[in-house]
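Sequences listed follow chains E and V, in order.
Its first residue numbered 49, the first sequence is counted upward by one per residue in the numbering used here.
Its first residue numbered 537, the second sequence is counted upward by one per residue in the numbering used here.
Derived by calculation from the structure, the hints in this document are not laboratory data.
Be a bit skeptical, because a hint or two may be false.
Claimed, not checked - List of simulated lysine-lysine pairs, BS3-like, C-alpha gap at most 30 Å: (1) E:Lys67 to E:Lys191; (2) E:Lys274 to V:Lys613; (3) V:Lys675 to V:Lys578; (4) E:Lys274 to E:Lys305; (5) E:Lys363 to E:Lys274; (6) V:Lys820 to V:Lys708; (7) V:Lys781 to V:Lys668; (8) V:Lys798 to V:Lys821; (9) V:Lys798 to V:Lys709; (10) E:Lys360 to E:Lys342; (11) E:Lys274 to V:Lys709; (12) V:Lys708 to E:Lys274; (13) V:Lys709 to V:Lys578; (14) E:Lys67 to V:Lys578; (15) E:Lys191 to V:Lys798; (16) V:Lys821 to V:Lys668; (17) E:Lys67 to V:Lys613; (18) E:Lys191 to E:Lys109.
Listed here are the chains, written in short residue letters.
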Amino acid sequence: MLYILDGGLQTLVQDMGRKDYYHLGVPPSGAADRYSFVLGNILLGNPADYAALEITLLGPKIEIRKKTVITITGAPLDVTVNGTAVPMWETICVQEGDILSLRSAQKGVKSYLCISGGIQVPHVLGSRSTYTISQLGGFQGRKLLAGDEITIGEPLPGVFHHVGMRIPEEYLPKFSSSVDIRMVMGISSYRLSDEGVRAFLNSEWQVGLESNNIAYRYSGASASFKLIDPPFGAGNNLSNTVDIVYPIGAIMVPNEKELILLLRDATTGGGFVTLGTTISADLDLVSQSRPQTKTRFIAITMEQAIEARMSKKKKVLTLQSLLK
Amino acid sequence: MFTLPETRFDFGGDEYIYAEISRDMSEESNFKALAVTNELRKRNIPGVHDICPSNSSYIIRFDPEVISPVDLLEYLKEIDITKSNPSALNMQVRIVEIPIWYDDPLTEEYSRRFSERNISHDAMSDFELVRKLNGFSTKEEFIEAHSSSPYLITMMGFIPGTAWEYPLGLEKKQIIQTPKYSSPRTDTPSRAVGLGGAFTVIYPLNAPGSYQLIGMCAVPIFDQSQRLYDLRDTFFLARPGDIWKHRPVDESEYNEIVRQVKEGEYRYRIKNVDFSTEEYFANKKEYLTHLMEGF
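Model the full assembly from the supplied sequences, consistent with the hints where possible.
Right, here's the structure in full:
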C-alpha cells in the first residue's frame, strides 16, 4: 500500500485510458505522456498498460507500506527516498516505511511513478484512469490527497533481481521551451481565410496558463475566419459550426486570437471551427509543454503521421527487447 | 425519396476519419449519420474502435496498425453511398419524458452572474433573451413551443452523457434558435437546460458552457450511483437516435421529482418504439402524433 502524506498539485491514477465509450461523450483520459508512462512500465517488466501515478509539476510525498520496486519517469523531478536523492528512469527498491518525496519539476509537466504490479483501483468503464470532471475512475474519481491509502499490486516475479536497471540515455525524451507540433489539416479548416491558414502555420504560438489535461490553449498570433454566414443550426458567430464530435488532438479556433488543442480528457463535442488534428505521436509533446512554450504547428499528411507513429512505436519495441 | 449530396471525408491525424454529410443541420443529415454508423457498428470491423454519429457528420476512430486508413476510408465511402437515402432507416428507439422547470430561479441567477460573457450584457435572464429573440410574446407560448415537439438525440459528446436534441417535424423557420455566449461561462448548474444554435442540451454535471440557460431538468441524465431502476445497468440516460419529450413542471412538482430521485424511487417514463424514417417523411405530423401516443 501507499500512504499519501501530501498529494502534490495533482496526482492521478492513470493507465492507457478508456475505449469504446466515446460515442456517449466519455473521453479516453489516461497518461498524458504515454511514452514516459510506457517506458516506466516496461522498465519494471509490467505490462505496458498497468496503472501508475501521474504527477503534475509538484510531486507528492508518500510513505511506502510494502517492499516493492518502483521507477520514476517523465518530466525531471528531484526525487528522494528518506531524504537521499535517487535517480529517475531507473528501477529502485523501496522498503516498508520508506518516505518517497517528489519535488517540483524543472522542465516539462508530467512525471510518472510506476510500481511493480501496478496501482490497484477498480476499473470503471474498462479503465483505471481518472477523469476528474465526472469523478470517474482512478482513486474515487479525484486527485490524491493526504491520508489516502492506495492499494498496489504484489511485486511481479523476478523484479527484485532487476533493481538498478536504467533506460539508456538516447531513449529519454527531451523537454524544450520551444516545440514543433505536427498536425493534419482538415475538418472545417475551410472556414478560415487563406491568410488565416497561412498565419496559423507561419506564426509562433504560446502555450497559455489555462492549459490542462482537457485542452491546451495557445495565443500570441491571429488566424482570421472567412466572412460568411455560419451554416443553419450553428449559432451566429464566425467561429461556430454545427456541433461535431471532435477527435482527440483537434485544434479549434474559438476566436481569431486563440487556439484550443484537445487532449485526452477532452470535451468530446462542440461547435467551434476546427482546423485539423494533432498526430497521435505528438500528443505527449503537447502535454509536456509548459505555459509560455513557443509552439509552431507543422501541417503533414496522414501517411507522414503514420510514419511518425510507427517510428515512435519501433523505438519502444527496440527498447523493450534491449531490456529483456 | 431524396438523396443527400456527397459526403466529404477528411483524415483526423492518424487515428480518425471525419465525414461531413452537410454543413447545415437537417433531420436528413442526422438520419444518414445514424444509418451509416449503425451499419458500421453491425459489421464489427477489427481495428475500428469508436463509431460516433454527430449532428450532420460522423467520426470514426481506428487503429492504423490493425486496419489501413486508406482501405477503411474506401470501405466507409461504400457504406456511406448505400445510406444516402435517409428515408430507408428503421431503428428501435426509446421515447423518454424529460420534466423541466422552465424559467427557474437558479438558471436566472446564473444568467445574471455571467451576463458580461453573454451576447447582451443587461440583466435580462437567458430565458427572456431567447424568448424575445425568437419573437414569442409570452413565457407560456415559448414553453409550449419548446415542449410540444419531440426532440431527436442527434449526437452525444462534450462531457459524459451530454446529448444534443434537435426538434422533429418542424420547418427550419419554426425552430427556436439562439446565439451562444460570446465567452463560455466557467460554470453551469448540473441538469440545467441550455439552448445553442438550433439545439437543446441538458448539462449532466456542473461544467463550463456557452448555451443559453432556460430551465432545470428534474431528473439525472448521467448517474454513476446506479440507485435508479432505469439506470441500473448504465450511467447514461441518452442514446443517439432516442427521442426525448420535454414536459413543463412547476416548482412543487419539480421538487417532488427531485425528492423521488434522491430516494431512488423515481421511474423514468420510457416507451420503446420502432421508428421508420420512410413513414416519418411520408407524413411527419400524423406519424409523430401516432408515435408519441401517451406522451
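Evaluated hints:
Of the pairs offered as hints, the one joining Lys67 (chain E) and Lys191 (chain E) holds, with about 21 Å between alpha carbons and a cut-off of 30 Å not exceeded. In summary, the hint linking Lys274 (chain E) to Lys613 (chain V) is supported, as the alpha carbons are separated by about 29 Å, within the 30 Å threshold. About 45 Å separates the Cα atoms of Lys675 (chain V) and Lys578 (chain V), which puts this hinted pair outside 30 Å; it is violated. Restraint check for Lys274 (chain E) and Lys305 (chain E): satisfied, since their Cα atoms lie roughly 15 Å apart, inside the 30 Å limit.
The hinted pair formed by Lys363 (chain E) and Lys274 (chain E) fails the criterion: a straight-line CA distance of about 42 Å is larger than 30 Å. At most 30 Å may separate the alpha-carbon atoms for a hinted pair to count; Lys820 (chain V) and Lys708 (chain V) meet this at roughly 14 Å. With a C-alpha separation of about 23 Å, the suggested pair Lys781 (chain V) and Lys668 (chain V) falls inside the 30 Å cut-off, and the hint holds. Pair hint Lys798 (chain V) plus Lys821 (chain V) does not hold up; C-alpha atoms about 37 Å apart against a cutoff of 30 Å.
Among the hinted pairs, Lys798 (chain V) with Lys709 (chain V) is inconsistent with the structure: their alpha-carbon atoms are about 40 Å apart, more than 30 Å. Only pairs whose Cα atoms come within 30 Å are accepted, and Lys360 (chain E) paired with Lys342 (chain E) is accepted, the gap being roughly 23 Å. Taking the CA atoms of Lys274 (chain E) and Lys709 (chain V), the gap is about 25 Å. The hint holds against a cut of 30 Å. Only pairs whose Cα atoms come within 30 Å are accepted, and Lys708 (chain V) paired with Lys274 (chain E) is accepted, the gap being roughly 24 Å.
Under the criterion of a C-alpha separation no larger than 30 Å, the hint pairing Lys709 (chain V) with Lys578 (chain V) is inconsistent with the structure, at around 36 Å. The hinted pair formed by Lys67 (chain E) and Lys578 (chain V) meets the criterion: a straight-line CA distance of about 18 Å does not exceed 30 Å. For the hint pairing Lys191 (chain E) with Lys798 (chain V), the CA-to-CA distance comes to about 27 Å; that is within 30 Å, so the pair holds. Simply put, Lys821 (chain V) and Lys668 (chain V) have alpha-carbon atoms about 27 Å apart, close enough for the 30 Å limit, and the pair holds.
Taking the CA atoms of Lys67 (chain E) and Lys613 (chain V), the gap is near 24 Å; set against the 30 Å cutoff, the hint holds. Simply put, Lys191 (chain E) and Lys109 (chain E) have alpha-carbon atoms about 14 Å apart, close enough for the 30 Å limit, and the pair holds.
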